[in-house]
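Chemist: Heads up: the protein sequence lines correspond to chains U and Y, in order.
Quick note on numbering that gives the first Met the number 0: the first sequence kicks off at 0 and runs consecutively.
Quick note on numbering that gives the first Met the number 0: the second sequence kicks off at 0 and runs consecutively.
One or more of the hints may lead you astray.
Where chains are identical, the list cannot tell them apart; a pair therefore holds if satisfied intra-copy or between any two copies.
Computed list of lysine-lysine pairs in DSS-like fashion (alpha-carbon distance at most 27 angstroms, straight line) [what the hints assert, rightly or not]: (1) 189 to 105; (2) 189 to 97; (3) 105 to 128; (4) 105 to 116; (5) 151 to 105; (6) 192 to 128; (7) 116 to 102; (8) 116 to 192; (9) 116 to 189; (10) 116 to 97; (11) 97 to 128; (12) 151 to 189; (13) 192 to 151; (14) 151 to 116; (15) 97 to 192; (16) 104 to 116.
Don't read these hints as lab results, they were simulated from the structure.
Now for the letters of each chain:
2 protein chains.
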Amino acid sequence: MCSRILITSGPTIEPIDPVRFLSNRSSGQTGFHLAAEAGRRRLGPVTFITGPTVFLPDDVELIQVESAQEMRAAVNEHFPASDVTIMAAAVSDYRSLKYYPEKLKKRGERLTLELAKNPDILLELGRAKRRGQTLVGFAAETEDIFANAQRKLEAKNLDLLVLNEISAENPAFGMVENQVYLVSADGVRKLEKMSKALVAARVWDEILALRGRNG
Amino acid sequence: MCSRILITSGPTIEPIDPVRFLSNRSSGQTGFHLAAEAGRRRLGPVTFITGPTVFLPDDVELIQVESAQEMRAAVNEHFPASDVTIMAAAVSDYRSLKYYPEKLKKRGERLTLELAKNPDILLELGRAKRRGQTLVGFAAETEDIFANAQRKLEAKNLDLLVLNEISAENPAFGMVENQVYLVSADGVRKLEKMSKALVAARVWDEILALRGRNG
C-alpha cells in the first residue's frame, strides 16, 4: 500500500517579542520515529511539518515552522492530498495576544500577559476530512483521561487517538520511552511502556489495520 | 595568570505547568565560546552554569539548571570563590507567578497569565562583589542602547558590559555571528561583526587587560 503521508511534530514557539516566547516540552521524538518507521516500511512519501526540534528525519519533504499559525497554514496546504495524517506536534493552545516588535523592558514586580487561543488545527482537519483519509491525533491528559480521550476522538472526527497520561511515573515529554493508550472506535488499548520508536511502529500497525478494514 | 572562572550561559526555562513554559531565544553559543577560549588560554578552572542548550563545553565543572531561581542558587554558591564571573546567560526577566502542577486545560478565547519578576542575579552579584573580583555582564537592547548600557554598568557595579544591539540587521540570538560593543569605565568600543568565537576571544582580551591594570 502506498499512501501520501502527512506528519506534524515537535513543539510550537509562540513569540512574545523578538527574544521571548511561550513553548512546551515536546522534543519531537515521536513524530521523528513515525516518519522513520513510514520510511522503513516504504509506506509512501512523507511530508513532515515540524516546530523547532533537533529530531529531523531523512527522506521526507521537510517543512520547518515556528508558531501554531504557521503550522496551520502549512498543514492546510498539504492535508487535502494526504491519505494518512498524523498530528504528533504539541501545538501551543495559546499565543501572546500581542506581538511586541521591540524587546519589552523589564517593568514592575508583576506583569500581565494576555493570551489568545490558537486555532485547533486537529478539529479543523476532522471537519475537512474526506472519505478515505485517515486522521490520527495525540492527546496528553492528566485527569479523567479516558473520558477526555473518547470525547476528543468523536469531537475531532479522528480515526485514532494516541493518548499520553502525563504523570510523575510517565512524564512522556522529552523522554525516550513512553506509555500510551490507543483509542479508536473499537475502544481503548493500553500499550506497555516502550521506546518511542516502538510506539511509532505500534501506531503504524494500528493505522494500517484500520485502513485495511475500512479501505 | 590562573583565576577561578564562573560563566553562566544559555536561556532559562520558566515552567507554567508540567508541559508549558516561558523562555527566550538564547542559544548558549557565546557562553560556550567564552568557556572554550578560557580553556585554550589555560586561564584557570571554569564552573559553567547553564540553562537548556546543546552548547556544552568540555573541561568545565558543568552545572545544568532550568529556571532563573535555580540559576541564582547555583551562581550564589560559586560566586564567592570566583575571580572572574561572566554572566552570559539570558535569564528570563519574568516567571509565571503560579506553577500549575496539573497540565492546564484549554479554556476560553482569552487567558491572562500573571508573571512575577525574577531576581536580578547580576545586580545581586554587583552588590556582593569584593576587591579583586571581576564581573562581566551582557545586555541586549533595542532602544537608547548606549545610555541604557552606561546605566547598567554603574547600577550593577560591573567591570565590563558586552552590549548587543538587537535589530533586524543583528538578530544576535541564535546566530553564529554577532556585532557587540564593549562598555567599561573607559567608554564604549564597537567591535565589527564577527563570529561568536572571535567575540569571546575579544571579551577575554578586554577582561585580562582590565585585570592587569587593576591587579
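Chemist: Does each hint fit the structure? Answer for all of them.
Modeler: Each hint, compared with the structure:
no.	hint	verdict
1	189 to 105	between (48 angstroms within a copy, 25 angstroms between copies)
2	189 to 97	neither (41 angstroms within a copy, 33 angstroms between copies)
3	105 to 128	between (46 angstroms within a copy, 23 angstroms between copies)
4	105 to 116	both (25 angstroms within a copy, 8 angstroms between copies)
5	151 to 105	between (40 angstroms within a copy, 13 angstroms between copies)
6	192 to 128	neither (31 angstroms within a copy, 51 angstroms between copies)
7	116 to 102	both (23 angstroms within a copy, 16 angstroms between copies)
8	116 to 192	neither (33 angstroms within a copy, 40 angstroms between copies)
9	116 to 189	neither (31 angstroms within a copy, 43 angstroms between copies)
10	116 to 97	both (12 angstroms within a copy, 20 angstroms between copies)
11	97 to 128	neither (32 angstroms within a copy, 39 angstroms between copies)
12	151 to 189	within (17 angstroms within a copy, 56 angstroms between copies)
13	192 to 151	within (23 angstroms within a copy, 51 angstroms between copies)
14	151 to 116	within (17 angstroms within a copy, 37 angstroms between copies)
15	97 to 192	neither (41 angstroms within a copy, 31 angstroms between copies)
16	104 to 116	both (25 angstroms within a copy, 12 angstroms between copies)
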